[in-house]
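Starting from the known structure of chain A, fit chains B and C onto it as the hints suggest.
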Amino acid sequence: MLQQLQAHLKTIETNSEINVVILKANGPVFSSGHDLNELLTNDSEANASLMDSCSSVMQTLVHLNKPVIAQVEGIATAAGCQLVASCDLAYASNTARFATPGVNLGLFCSTPGVALGRCVHRKHAMSMLLTGDMISAREAEKIGLINAVIDSEVNGNATLDDEVLKIASKIAAKSPKAVEMGKALFYKQLEKPLDAAYEIASKAMVENMTKIEAKEGIDAFLTKRTPNWSNND
Amino acid sequence: MLQQLQAHLKTIETNSEINVVILKANGPVFSSGHDLNELLTNDSEANASLMDSCSSVMQTLVHLNKPVIAQVEGIATAAGCQLVASCDLAYASNTARFATPGVNLGLFCSTPGVALGRCVHRKHAMSMLLTGDMISAREAEKIGLINAVIDSEVNGNATLDDEVLKIASKIAAKSPKAVEMGKALFYKQLEKPLDAAYEIASKAMVENMTKIEAKEGIDAFLTKRTPNWSNND
Amino acid sequence: MLQQLQAHLKTIETNSEINVVILKANGPVFSSGHDLNELLTNDSEANASLMDSCSSVMQTLVHLNKPVIAQVEGIATAAGCQLVASCDLAYASNTARFATPGVNLGLFCSTPGVALGRCVHRKHAMSMLLTGDMISAREAEKIGLINAVIDSEVNGNATLDDEVLKIASKIAAKSPKAVEMGKALFYKQLEKPLDAAYEIASKAMVENMTKIEAKEGIDAFLTKRTPNWSNND
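Chains as they are written, first to last, in the working numbering: chain A, 1 to 233; chain B, 1 to 233; chain C, 1 to 233.
Any given hint might turn out to be false.
Copies of the same chain are indistinguishable here, so a pair counts whether it falls within one copy or spans any two.
To be verified - Subject to a maximum C-alpha distance of 27 Å in a straight line, what follows is the list of computed DSSO-like cross-link-like pairs (lysine-lysine):
| no. | residue 1 | residue 2 |
| --- | --- | --- |
| 1 | Lys10 | Lys211 |
| 2 | Lys215 | Lys142 |
| 3 | Lys142 | Lys170 |
| 4 | Lys192 | Lys170 |
| 5 | Lys142 | Lys224 |
| 6 | Lys224 | Lys188 |
| 7 | Lys192 | Lys24 |
Hints in this document: simulated from the structure, not taken from any laboratory.
Isolated chain A (complex conformation):
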């Protein structure tokens, strides 16, 4: 599954017809993480290789040249919760639930904690990691693990599918090159001190402005027309 996901993301990376990725489950559970039987029967070498695959997929999501939106229904636990934390954006139905329950099995969710700890305040991360308790979609929204709960009863007849597609379509209509550069720069600068962050961000802005898509976008805005990215990318 991890290898297929990785291979699929690599294909997406080079497909210029894809502008945004929605990561969702084909079933009632978003993802409950690793197969425990596999972890138990693997030797250390096999588990090391499995952890490498898993951490690679998570980092591929962060470094992918297109935004990734997690669309969560059902439960997202352990590496499944890590998937949500690793996406650029995340939306969930009001029945979705989240946990990092490894601690219940004597196997602390250390790698999920890498993504979770960069996504929410540390006391919220530690509460999930130490208790292993499920939190509701509403709580996940409150702590910053997801952007919003899409509650079909509150939001009229809108389904999670509709709403996430609407957000994805909005982002897909932007210049793909500007989005690619912007996403990459965002995560890179976050790991730097303020002055170094401004240095690389300023360079990125200047480079962005020399590109035809910024000229097209600004000209379209100033002349009140819709920008045409496709002819310019």
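Frame of chain A, contents of chains B and C only:
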């Protein structure tokens, strides 16, 4: 405008009669960022110089020896939103709105993302950066971009002006030297690992305690009188 | 007091019968920080030594091999607020209040800011540090300084004691070794860039899986029985 703001901040820096800065607009818009015509017609060198000026102003706010409070009415977008994120504190009226809409023009708000990404959780920053959507003052408060919405209908007849002035006056009544040292240390230690952060913060505390203003402040507190900073700074 | 707390934590570290620590006050005030008279009469060397002791206790909490829960009633100010921020988890009664009021005495809460600034968004930290104002337990929950307010009037007859003990008991029932490794890894990886964080976290996971407690935990889960950590640690 950036050069004037920079020069003004430098003047403020050395004016011992100013203890706190309130940054607000002289008009219905807080700031909508750069002039798009200028960006479009500039060559790369001119844009690089413009980005340098802009990043310098933002870092001057962070490093200024006096606290800076953003008082936001109307819209704060792109570098205007970055200004808000770069101030130490921010308050807004309930009609204020915030966005990093560069992506709509093919020009990702990379430099605003430096300030925004250090101010709010990353999924909230990414949502603003990728969609370019306006968020309300209430939403900005919820994610940590501003400290509070001052809603004159909720808070009786209090206006944003009154409330921000009250907060500024409260801070202006503290020892300017202690505030200067404390602000500088806060941002510096945040960029260090925990042990190094404690090392420089402990040194700062000890140095702070040798100063006459800490002796005055503690003595005033213990003898139940109002401290007199002005005679001691 | 700091020396006793430090010595006590060191004893706890090697006591295998203790799995979780609850830090609470023996009186109506959680902690109001340093003795101002002591700070005022100490020479610089004595104050440097005092700051070292204090920063050591705070870092001992972070590095302790068992989770630490702050249980807060009454006020937690200055180094007392820092204690709360330094614990892994924190719960408070609805009458608890929090502040970093050093600035009122000309003595900026620089060391408390180290813990506070890693616990909440920076505008919230700066508001507390610059104004010195008390915030309510509800506000502390909202900004992430504490995990939750335990309101006996809202939560039936449950007291703060009962609720914190319930959370502590839940965590104490996990494998102590997994918790120890997980806690240490969490804070360590947070200070690293993403790739380095994943590298050490993946190694920790693999090592965790070779331990008898993970085998016991996973086997217990798969065979639907209660894990028996005590025989395996």
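The hints, checked one at a time:
1. Lys10 - Lys211: Within one copy only: 25 Å inside a chain, 35 Å across chains, cut-off 27 Å.
2. Lys215 - Lys142: Neither: 39 Å inside a copy, 35 Å across copies.
3. Lys142 - Lys170: both (24 Å within a copy, 23 Å between copies)
4. Lys192 - Lys170: For Lys192 and Lys170, neither the intra-copy (30 Å) nor the inter-copy (34 Å) Cα distance is at most 27 Å.
5. Lys142 - Lys224: neither (38 Å within a copy, 33 Å between copies)
6. Lys224 - Lys188: Neither: 34 Å inside a copy, 44 Å across copies.
7. Lys192 - Lys24: The answer is neither: 32 Å in one copy and 29 Å across copies each exceed 27 Å.
Checked against the numbered hints above, the structure breaks hints 2, 4, 5, 6, 7 and satisfies the rest.
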